Amino acid sequence: MSDTTALRTQRARITAVTSGKGGVGKTFVSSNLAAALARRGERVLVLDADLGLANLDVVLNLYPKITLHDVFTGKHRLEDAIVPVAGGFSVLLAGSGMVEYSRLTPEVRDQLLQTIEAVTPQFDRVLLDTGAGISDVVLYTVSLAHDVLVVTTPEPTAMTDAYATIKVLATTQARRALQLVVNQVLKPGEGRTIRGQLQLVIDRYVSPGLDAPVKLDFLGELPVDPAVREAVQRRQLLLELYPGSPAAQAMIALAARVAQ
Amino acid sequence: MSASPPPPAESKLPAAAAAPASAALNVDAALSLLRQSGHEPPAGPVGSAAWLQNLIDALCELSSRDALTGLANRRHFEMVLAREIDRVARAGEPALLLLLDLDHFKGVNDNHGHAAGDLVLKAVAEALLECVRPMDTVARIGGEEFAIVLPNCPPAFGPTVAERVRTRVERRPVTIGLTEKISVTVSVGGAFAPQWVRSSVRLWLERADLQLYNAKTSGRNRAVFEPAAVSLVTAEEKGLLFGTSYSEHDDDQESRDGPA
Chain A
113 MSDTTALRTQ RARITAVTSG KGGVGKTFVS SNLAAALARR GERVLVLDAD
163 LGLANLDVVL NLYPKITLHD VFTGKHRLED AIVPVAGGFS VLLAGSGMVE
213 YSRLTPEVRD QLLQTIEAVT PQFDRVLLDT GAGISDVVLY TVSLAHDVLV
263 VTTPEPTAMT DAYATIKVLA TTQARRALQL VVNQVLKPGE GRTIRGQLQL
313 VIDRYVSPGL DAPVKLDFLG ELPVDPAVRE AVQRRQLLLE LYPGSPAAQA
363 MIALAARVAQ
Chain B
435 MSASPPPPAE SKLPAAAAAP ASAALNVDAA LSLLRQSGHE PPAGPVGSAA
485 WLQNLIDALC ELSSRDALTG LANRRHFEMV LAREIDRVAR AGEPALLLLL
535 DLDHFKGVND NHGHAAGDLV LKAVAEALLE CVRPMDTVAR IGGEEFAIVL
585 PNCPPAFGPT VAERVRTRVE RRPVTIGLTE KISVTVSVGG AFAPQWVRSS
635 VRLWLERADL QLYNAKTSGR NRAVFEPAAV SLVTAEEKGL LFGTSYSEHD
685 DDQESRDGPA
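Protein chains in written order, with this note's numbering: chain A, 113 to 372; chain B, 435 to 694.
Extracted from the complex, chain A is given alone in its bound form (with noise of 0.2 Å):
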């Protein structure tokens, strides 16, 4: 995607976060990411774009008096919604009465789409947190995005879940690169392996008949850790509770890679 250069400087990078299968840390990579890449100075927006399903508000603790859906319904305008949190960054969120959203109806599609133009001269990048799965809304959110960041674990149905999405991603949208964060890894260098078992099946399955070979890029790993339990359970971002730990320098890591 190298048609916004031009734009870059003055809009928000949009990046995807997407997993195939729920359960792998979607939403906590989407917002400890945000943390670090808020610590690096980049003025940050997480989407709660899982329209159906959200659970930014339950990761980060949030009690959110103004949601998308009271943006979407009138009730408010979306200058409200947007909420600073404590890890250095913004979210905007879905709200817990969005199952109504959860089909992608063209109303949903526009107001989508509004907010999201509506955000982004504000933002240096927006993290769009995806529902799980490859539904319409998913795909529809995704398309919206420069960037696409695949979440896996090593775990054989998120794998498969992944190589799923990257697959419908390369060939409903011409989806050329893509990013790949390895979650929940006992040992080190197990996400390098599972990004080149991955990129194999790719370059067998996929690429043949498309016009250019499709690239997933290895943005990192993060390790099994203790303290992300203990962060999830307390409702707490990993980098303010044990910024630390092995899963928060990694997400650290993480955040240096995806701001190149």
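Calculated from the structure, these hints are not laboratory results.
Do not rely on the hints blindly, as some may be mistaken.
[As the list claims (entries may be wrong)] Only some residues are given here: those of chain B computed to face chain A with a beta carbon under 10 Å:
| # | residue |
| --- | --- |
| 1 | 499 |
| 2 | 634 |
| 3 | 636 |
| 4 | 637 |
| 5 | 640 |
| 6 | 667 |
| 7 | 668 |
| 8 | 670 |
| 9 | 671 |
| 10 | 672 |
| 11 | 674 |
| 12 | 675 |
| 13 | 676 |
| 14 | 677 |
[Stated by the list, open to error] Cβ pair distances, simulated, as ranges:
| # | chain 1 | residue 1 | chain 2 | residue 2 | range |
| --- | --- | --- | --- | --- | --- |
| 15 | A | 308 | B | 544 | 46 to 54 Å |
| 16 | B | 619 | A | 222 | 41 to 49 Å |
| 17 | A | 226 | B | 590 | 32 to 40 Å |
| 18 | B | 568 | A | 222 | 24 to 32 Å |
| 19 | A | 347 | B | 520 | 36 to 44 Å |
[Stated by the list, open to error] Short, incomplete list of chain A residues facing chain B, as computed with Cβ under 7 Å:
| # | residue |
| --- | --- |
| 20 | 275 |
| 21 | 286 |
| 22 | 357 |
Fair warning: this is a prediction, and the values are worked out from it, not measured in the lab.
The beta-carbon is built from N, C-alpha and C at its ideal position, and this holds for glycine as well.
Fit chain B to the supplied structure of chain A, relying on the hints for placement.
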């Protein structure tokens, strides 16, 4: 049409009727183009704004048609395709693209001459027009290549339409000369635009073209459709992803490796 003589320079714009700007315009070539292609001269007082508008409209119409068959030409077809991609992204209505290629057309030209080939192309164009709705666009996009864009076409109807087109061409022998009849068949490749997602003209064409290729290589005179957009991960892909060897001795291997 290539044999037509250069146009006689006979059109004169009455100076009184012409606006100052149009008086200086040389429209002779445009008028003779229209005449040559069988169009009526533009309506309205010669040189008036309405007359010029009609002339421009007629030229636009002319530049969007295929000279031999009267179908939309490639330029117009690509414009329709781009418009349809916009509409599908906005409204989510499924749209189908069919690419058609006459089977063994070179043989027609070689055995019966190019005049016969032209007759066949015209007959096929008529057959295609008979098979579609007024809202659909039928185009000739290459020598013996045709395309049909079908807006708002539910996926279940795709194969029905393609089959109708295929049989219509097959059952319509073309009379050449006095008595000789030749039958032609057509191979069809179909792909739906991904709903809600902004595709590109090139990508959509590429996908339909791949299916056309599949129709050709699997024996011609048939219609082949792209499998459902959200493709699942096959056993072979999983095998490669997780390093299992999927040889013909699969079962043996599984039973051998199972207890390990």
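Here's how the hints hold up against the structure:
{"no.": "1", "hint": "499", "in the structure": "violated (30 Å)"}
{"no.": "2", "hint": "634", "in the structure": "holds (6 Å)"}
{"no.": "3", "hint": "636", "in the structure": "holds (8 Å)"}
{"no.": "4", "hint": "637", "in the structure": "holds (5 Å)"}
{"no.": "5", "hint": "640", "in the structure": "holds (7 Å)"}
{"no.": "6", "hint": "667", "in the structure": "holds (5 Å)"}
{"no.": "7", "hint": "668", "in the structure": "holds (8 Å)"}
{"no.": "8", "hint": "670", "in the structure": "holds (7 Å)"}
{"no.": "9", "hint": "671", "in the structure": "holds (5 Å)"}
{"no.": "10", "hint": "672", "in the structure": "holds (6 Å)"}
{"no.": "11", "hint": "674", "in the structure": "holds (5 Å)"}
{"no.": "12", "hint": "675", "in the structure": "holds (5 Å)"}
{"no.": "13", "hint": "676", "in the structure": "holds (6 Å)"}
{"no.": "14", "hint": "677", "in the structure": "holds (7 Å)"}
{"no.": "15", "hint": "308(A) <-> 544(B): 46 to 54 Å", "in the structure": "holds (52 Å)"}
{"no.": "16", "hint": "619(B) <-> 222(A): 41 to 49 Å", "in the structure": "holds (45 Å)"}
{"no.": "17", "hint": "226(A) <-> 590(B): 32 to 40 Å", "in the structure": "holds (33 Å)"}
{"no.": "18", "hint": "568(B) <-> 222(A): 24 to 32 Å", "in the structure": "holds (29 Å)"}
{"no.": "19", "hint": "347(A) <-> 520(B): 36 to 44 Å", "in the structure": "holds (43 Å)"}
{"no.": "20", "hint": "275", "in the structure": "holds (6 Å)"}
{"no.": "21", "hint": "286", "in the structure": "holds (5 Å)"}
{"no.": "22", "hint": "357", "in the structure": "violated (30 Å)"}
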